[in-house]
Amino acid sequence: MTVLGNLALWLALLVGVWGALAGFVGGLQGRPDLAHSARRAVLAMCGALLVAVFALEWALFQHDFNVEYVAAYTSRNLPIFYTWSALYAGQKGSLLFWATVLSLFGSLALVLTPRRHSDLLPTVAGVVALVASFFISVMLFGHANPFHRLPYTPLDGSGLNPQLQNPGMVFHPPMLYLGYISITIPFAFAIAALLSRRLDADWLVAIRKWTLLSWLFLSVGICLGMWWAYVELGWGGYWSWDPVENASLLPWLTMTAFLHSVMVQEKRGMLKKWNLALIIGSWLLSIFGTFITRSGVISSVHSFTQSSVGYFFLGFLIFAAASSYALYVTRLPLMISEARLESMVSREASFLFNNLMLLVIAFAVLWGTLLPILTEAVLGVKYTVLAPWFNMVIIPLGLALLALTGIGPLIAWRRASLPNLRRQFAVPATAGAFTLLVLLVGGMRDPYPLLAIALGGFVAATIVQEFARGARARHRQYGEAYPAALGRLIARNRRRYGGYVVHLGIVMLFVAFAGMAFKTETQAALRPGESVSLRSPYGHTYTFTHLGISQYDALNRQITAATVEVRRNGKPIGFLTPEKRQHVDGLGRPTFQPSTEPAIMSMLREDLYGVLGGTVNGTEQAVFRFTINPLVWWVWYGGMIVAVGGLIVMWPGGSPAARRSQAGYAVRLVGTEEKA
Amino acid sequence: MTRRHDGTLHVSRREVLTLGAGTFLGVVTSWRRVTLQAPDSLPGSGPSGRLWDPARAGRPLPPVTAADNDAAIQGIEKQIHCTCGCNQDVYTCRTTDFTCTTSPAMHRRVVALAQAGKSGQQILDEFVHEHGLAILMAPPKRGFNLIGYLVPPVAFLVAAAVLTLVLRRWVRAAPAAVAATASGGPDATPEELARLRRELERLSS
Numbered sequence: 000m001t002v003l004g005n006l007a008l009w010l011a012l013l014v015g016v017w018g019a020l021a022g023f024v025g026g027l028q029g030r031p032d033l034a035h036s037a038r039r040a041v042l043a044m045c046g047a048l049l050v051a052v053f054a055l056e057w058a059l060f061q062h063d064f065n066v067e068y069v070a071a072y073t074s075r076n077l078p079i080f081y082t083w084s085a086l087y088a089g090q091k092g093s094l095l096f097w098a099t100v101l102s103l104f105g106s107l108a109l110v111l112t113p114r115r116h117s118d119l120l121p122t123v124a125g126v127v128a129l130v131a132s133f134f135i136s137v138m139l140f141g142h143a144n145p146f147h148r149l150p151y152t153p154l155d156g157s158g159l160n161p162q163l164q165n166p167g168m169v170f171h172p173p174m175l176y177l178g179y180i181s182i183t184i185p186f187a188f189a190i191a192a193l194l195s196r197r198l199d200a201d202w203l204v205a206i207r208k209w210t211l212l213s214w215l216f217l218s219v220g221i222c223l224g225m226w227w228a229y230v231e232l233g234w235g236g237y238w239s240w241d242p243v244e245n246a247s248l249l250p251w252l253t254m255t256a257f258l259h260s261v262m263v264q265e266k267r268g269m270l271k272k273w274n275l276a277l278i279i280g281s282w283l284l285s286i287f288g289t290f291i292t293r294s295g296v297i298s299s300v301h302s303f304t305q306s307s308v309g310y311f312f313l314g315f316l317i318f319a320a321a322s323s324y325a326l327y328v329t330r331l332p333l334m335i336s337e338a339r340l341e342s343m344v345s346r347e348a349s350f351l352f353n354n355l356m357l358l359v360i361a362f363a364v365l366w367g368t369l370l371p372i373l374t375e376a377v378l379g380v381k382y383t384v385l386a387p388w389f390n391m392v393i394i395p396l397g398l399a400l401l402a403l404t405g406i407g408p409l410i411a412w413r414r415a416s417l418p419n420l421r422r423q424f425a426v427p428a429t430a431g432a433f434t435l436l437v438l439l440v441g442g443m444r445d446p447y448p449l450l451a452i453a454l455g456g457f458v459a460a461t462i463v464q465e466f467a468r469g470a471r472a473r474h475r476q477y478g479e480a481y482p483a484a485l486g487r488l489i490a491r492n493r494r495r496y497g498g499y500v501v502h503l504g505i506v507m508l509f510v511a512f513a514g515m516a517f518k519t520e521t522q523a524a525l526r527p528g529e530s531v532s533l534r535s536p537y538g539h540t541y542t543f544t545h546l547g548i549s550q551y552d553a554l555n556r557q558i559t560a561a562t563v564e565v566r567r568n569g570k571p572i573g574f575l576t577p578e579k580r581q582h583v584d585g586l587g588r589p590t591f592q593p594s595t596e597p598a599i600m601s602m603l604r605e606d607l608y609g610v611l612g613g614t615v616n617g618t619e620q621a622v623f624r625f626t627i628n629p630l631v632w633w634v635w636y637g638g639m640i641v642a643v644g645g646l647i648v649m650w651p652g653g654s655p656a657a658r659r660s661q662a663g664y665a666v667r668l669v670g671t672e673e674k675a
Numbered sequence: 000m001t002r003r004h005d006g007t008l009h010v011s012r013r014e015v016l017t018l019g020a021g022t023f024l025g026v027v028t029s030w031r032r033v034t035l036q037a038p039d040s041l042p043g044s045g046p047s048g049r050l051w052d053p054a055r056a057g058r059p060l061p062p063v064t065a066a067d068n069d070a071a072i073q074g075i076e077k078q079i080h081c082t083c084g085c086n087q088d089v090y091t092c093r094t095t096d097f098t099c100t101t102s103p104a105m106h107r108r109v110v111a112l113a114q115a116g117k118s119g120q121q122i123l124d125e126f127v128h129e130h131g132l133a134i135l136m137a138p139p140k141r142g143f144n145l146i147g148y149l150v151p152p153v154a155f156l157v158a159a160a161v162l163t164l165v166l167r168r169w170v171r172a173a174p175a176a177v178a179a180t181a182s183g184g185p186d187a188t189p190e191e192l193a194r195l196r197r198e199l200e201r202l203s204s
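Here the protein sequences line up with chains Y and G, keeping their order.
So in numbering that gives the first Met the number 0, spot 403 of the first sequence is number 402, and the numbers just go up one at a time.
So in numbering that gives the first Met the number 0, spot 134 of the second sequence is number 133, and the numbers just go up one at a time.
It should be emphasised that the hints constitute simulated quantities derived from the structure, not laboratory data.
Honestly, I wouldn't trust all of these hints.
Stated by the list, open to error - One side only, chain G facing chain Y, incomplete, derived with CB under 8 angstroms:
id, residue
1, G142
2, F143
3, F155
All residues carry an ideal CB built from backbone N, CA and C; glycine is no exception.
Isolated chain G, as found in the complex (with noise of 0.2 angstroms):
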């Protein structure tokens, strides 16, 4: 390929010839590079393709195993607080915020502990004495914190009970004051009365 004086360009016939074939080659290899990889994304077909960018995709996550979706190991998981700041459980963040590190990682040591055979209590009781009771979602029901347990009940019952007493007083406080304003009330029978109480009752309702 050779460049005139006036700026064109001039080109043989095997250069052109040279161009094409590599074109039409470079055309059909990557046609079959495409036609290679389309089953990828068809049920049952071959290795999977590599993301464009995988950044965009977050932190590279390892494969699922067998101990992710245990059930016994996602009941102890849900009664630990992650550290994380995130204010969820464990399997909660982990199964949520795919950011975290600091989730997997208290899995991983759950994993580890139930697989040295520890048993869930045993697995709580060792996070307890790593990090401190605030690292159950909810304080033990034993001791001192029974009281944060059991004061709204009491609360409930007390209230009732005030309530059921005020109200009787009231109950019994209202003959009087209704026999009080007897004297001005309608002229009617105490039948007509009770009849008409019963419609009123019955409108109301």
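Chain Y extracted, bound-state conformation (with noise of 0.2 angstroms):
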């Protein structure tokens, strides 16, 4: 199977660069035979590409351990769901696992794009298989190649990381790469629009949905990051600003930002130029990621083994940004304005600010993770940039942004009046005051939270506010019920009130990391018998009494599980049963040091969180941290919000005929203005 595997891949880069030349050179001769070739190219690299992936997976499941990847990432012992995941475990398998998303996205956007955008799809498939060849060729050069064979078979694999032993990673790192990955076909777009100079708002139609694919994908796959480092790797917190946690938020705030500017594009024909440079620096950023995920240049818990694949990346990222924005500036001239702003108070400068706010945030995001590479390089000194760095500088930025998060829906389009103005912001700046002056009468001084709280209120009424006159209107003008002009009113413009949504789940999010200035915890070695209590911000006394300790075998692993009692106020409330695991292979060798596995009670106030650290000289007397953490429930459920909402954004469909003839009816307005 190997051999398959790797005649897949060498037959995957020969198509793949031949689907290159093809695309580039029939997209620029407008020559219909090499379009054709190009296009069928991109669907033979993703059938050689699925070879080689079903190749590598018949090894892993055959635990054929003679193959290199086979071996250093699974066991005999190693569960179904964590054989089929160890794929994309290690460098090499989540290249192939790359290429392979990338080919497939591309070939269904060669499919699936409506025949009208034809003319762009010839370099859409030059691109695509660009980027596609440029993966396969790392594997099969730069010593990646996940079909690489031993000199001898081991009797069994070294396992899976316990850490990534977790249903948490099944599906975080593909999501997180189908982020990634999907990013590039709107970037592939955006290149064909500029060698075409097709720079109307046509090509943005065609990547709409894309765009939103990517920014969900992404923000499942940043969501499902921090619910794994979560309950996984114990330290009772889910973002603690490593290096490659921060490479994923990077893509994700440039692709917020251009999918509130394409709004303003799509309605007033303004910022083209914009939109295309936040297309192609979000791209240019999912690729920095995986520079950084892979180079191991700089220090990260998530990062894969340090190899020499960082250079090919980094080749990579500089030609692609010098070749990428050369085109760009080129095209400047052909980009010009179809509108223009008639005032600094209207939703599009309000849009504007809210750009900035994501910029500036990913700026200092990206500015913060390569502040030690520049500090060695000036003052030849690494210096460590965490969390402490990260929460002075972006908080202040973050709370502006959820200002902005309630303004700007408030702002109408094109010019806002003062009693416009004043009617719109009444209701939401009373129940943000509101929220304030009930925060501080219950004695909550600490700033940051203080004002997260409050501006969530303000953005949560904006939000409820825009649901109940739009409903209000529905029941005025259509007698309908207030349940059914509701769900109308989101049916017929999926794309606004499916962004309300997703605000609403932003707000619940920031809410929740506010909660986190309120987590206590504390450290004990109990007896069999003892207790330790805690006091929660609420003012609950939460009092944790260890029971005993068991050992036992379970699947691939022993475990060492200490039950303990937990009672809030004297009533008890359930039972924490935190473990230490030693992962043994299967032949019952132990393959990593004991990892923690913390127990976990989550209620919507507060989480108990509890880790066993181990034990003393070897009795059931254990050391325990037990971390009362509020509003952990919100990050979750606000995540889950967030992507309904995307959904909702995306869901085909709508009410074409209403938008046209709201169209029509402001071409009759603004005369020549809007040529909607």
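Taking the hints as your guide, dock the two standalone chains into a single complex.
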């Protein structure tokens, strides 16, 4: 099977190189034969790569430990889910996964894109083939071939890192990869638009779903990563500003900026240069994230082992950035705004400030991530730049962004009048001020959480007001019952109201982040029967009583579990069973250091988080860390609401007829200014 | 007990009784042991039992001391970068990765310095003196390092100023563009247009 895998990789590379050449030449010269050939090349490359994935999975499931990758990431007793996910658990396999998914997305884009954009498709095929060929080249020429065989065959493999043996890791990496990879499709359309000089809003329509899809995958991938870090790593948090975490946030921020500014281009024909720059930048940041994860240039717990593939990625990043932006600069004169900004107080201007804030945050995250390299280059000392620096710099910017999330939807398109602003802001501003007052009366003094929750109240009120007004208007106009009016309101304008649902999820996330400022924790060494108490920010007293330790075998691990009874204000509410796990291979040999498996009791207001550190001198006296994490539940449900909002926005259909009639109305009003 | 030629065992009555008594005593003894150990898992009872296989529970740990939960010590440790490669601060590492031997050693050093009467800043300075500035979770806010802190807010201010200027220019240019297209506009009075615009604002808001 490894022979088949190798052959498939070589075939995919050859076909990919041809597809890239045929796509670019066919697109530039308008030759239908080459265009057709490029399209088929992408489909063939996808087929070849799927064969390679099948060959690797076959080796994984057959426990062919003569294959270096199989021996390094699996063992005979590894559960079947993790044997499957070992495909992308290591550097080499994940490169194959990247190339395969990219070719799959490329094929889908070529097949599903409507015919009216067919003149862009040869270049799209060329870009997809070029990028996928690069990834295949890294595998074949960068000592990263997943089919490499060992000179001997071990009896059993090393097994998968225990921290990766978690359901979160089965779904988190592919989601994040899907987000990174799918940005290539909008990027390919942007390059096609630049090369073909078709810089109207047409190409934006072609990529609308793809940009949303990338953003959605990135959002879900980031949230799943936070969940995995929380339930698996045992430090009691979900975000530590690690370089690899930051790398996933960067394209998310720029894609979010794009999803806002693209509305201005679609509605008003403005910001063409800006939107193209954002799409190119987002894609480059996705490659930058891949470079960070794989090069080892910046120290991170999430990165793959250091290898030479980093140089390949750095070279590709420089080449792609230089060529893309050079092309962009040559086309700048063609990108002329079709409309003018009428007022500083308008939805368009607020979107621009929202974009500014998102990009400044992205810049700050990038700056903080690269600061260790910069200080090493300038001062000769590689500084550590982690959570304290990011919290100090990013939190104020994040709060400003949260405020803009509420302000933007309240301001009218084109020009907002003073009475209009007064009417729009009255309820949300009152809600925000009331929230602030309640918190102050309640004794909260920490400025950041105070502001975050008060602004959350303001933004939530904005959203509720938008839904309430829309539903009331439908109720008055069509006599619909309020629930039906609300449902149809969302169904008729999915982008707008789906967007508000996303905003609601973001508010929940910010409030949850604020909650972590009130985290409390304690360490204790408890004998069976002994207790320790911890007071929660809500005033409850939790008592943790160590009942005893049991040891048993399960699947591919030996477990040492402590049972801890939990009481709230003296009443029993359940048990925590934190574990230490010693993973073993099929022959019963220990494979990794014993890992920690936290126990979590999740509630609406707070999480109880217990970690078994170990035991004292081999007795049942155990060392625990108990943490009360407020509002963590809100992170996961906020993330889900963001995803649901994204799905509403993406959902096909809507009411094109209504949009057309509204567009016609606007044209009649403003004459030639708006070509909607 | 004797083995006969046909391979069967001959056991005397005395031997059967002795064996039975031994078994009974063994069960009783072990039963006593079980009943003695059982209260071990109940609140407020005697000493801890030994684990069946202590190696499975990882490295043996020392009991928690008051210094481990000292808020001042924790505050200092949260500013010191653990050098084990975990990318965490000393406090987080020592309370998370219990296989790490680096963060407990750094913790002991912090506690020793605190017990020697050093203040938080003096302890941090001592660590910087021993390991260099990279030992801190974030560079100190002084001298050249200030650039690291100031660049993002300065970038924000500059970008906001530039954006405001650009928007102003666009706004100033807008009336001329509108005037140029006004001749092709709708046949309506300014009052009607203003009303229509208000209605559109209401709809789009």
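Consistency of the hints with the structure:
Taking 8 angstroms as the C-beta contact cut-off toward chain Y, the hint placing G142/G at the interface is violated, the least distance being around 10 angstroms. The closest approach between the C-beta of F143/G and any C-beta of chain Y is roughly 7 angstroms, which is under the 8 angstroms cut-off, so the hint is satisfied. Given hint, F155/G at the interface with chain Y, holds; its Cβ is 4 angstroms from that chain's nearest Cβ, closer than 8 angstroms.
In this structure, the one hint that does not hold is number 1.
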